[in-house]
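Mapping of the sequence shown onto the working numbering: position 19 corresponds to residue 19, and the numbering continues sequentially without gaps.
One thing to keep in mind: the hints can contain errors.
Unchecked claim - Mimicking DSS-like on lysine-lysine, the simulated pairs with C-alpha atoms at most 30 Å apart in a straight line are:
| id | residue 1 | residue 2 |
| --- | --- | --- |
| 1 | Lys33 | Lys68 |
| 2 | Lys63 | Lys110 |
| 3 | Lys33 | Lys66 |
| 4 | Lys63 | Lys33 |
| 5 | Lys98 | Lys110 |
| 6 | Lys86 | Lys110 |
| 7 | Lys105 | Lys66 |
| 8 | Lys68 | Lys98 |
| 9 | Lys66 | Lys98 |
Treat the hints as calculated values from the structure; they're not laboratory data.
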Amino acid sequence: MAEEELEALRKQRLAELQAKHGEPGDAAQQEAKHREAEMRNSILAQVLDQAARARLSNLALVKPEKTKAVENYLIQMARYGQLSGKVSEQGLIEILEKVSQQTEKKTTVKVSFLKYAWQKNKVLNDKR
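Between the sequences and the hints, there should be enough to build the whole structure, so can you do that?
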């Protein structure tokens with residue numbers, strides 16, 4: 001009976017882990033991701049020339065989030081028929097600049113001094 005309980009606990013724990021981390025053997029989900037990746041690659045192959053594809057793949061190594069944004073932008077433009085022919089490397093550079101301007105983060109530095117620390121320092125200096 002102890003072995004049966006132990007086996008039941010193992011099965012329950014395995015089910016919990018699979019639910020928590022997603023089932024690694026979920027073939028349908030993996031197949032859907034694979035089909036989506038193939039579709040993206042085929043669309044990008046149709047709209048980008050060889051030099052532009054090379055530049056985009058190099059960018060993917062350094063900034064994958066920016067690459068994804070550019071790919072989404074290109075796919076959207078292709079779906080709406082806004083592209084006339086293949087995008088050259090120079091055209092891709094212009095698109096990259098547009099995406100960079102849209103996603104550019106403004107960095108501001110704000111320095112604030114604590115009033116208490118300033119007063120404490122003043123008191124210490126006055127005692128000298």
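Status of the hints after comparison with the structure:
no.: 1; hint: Lys33 - Lys68; in the structure: holds, 15 Å
no.: 2; hint: Lys63 - Lys110; in the structure: holds, 28 Å
no.: 3; hint: Lys33 - Lys66; in the structure: holds, 20 Å
no.: 4; hint: Lys63 - Lys33; in the structure: holds, 21 Å
no.: 5; hint: Lys98 - Lys110; in the structure: holds, 28 Å
no.: 6; hint: Lys86 - Lys110; in the structure: violated, 46 Å
no.: 7; hint: Lys105 - Lys66; in the structure: holds, 13 Å
no.: 8; hint: Lys68 - Lys98; in the structure: holds, 14 Å
no.: 9; hint: Lys66 - Lys98; in the structure: holds, 11 Å
Going down the numbered hints, you'll see the structure goes against just number 6.
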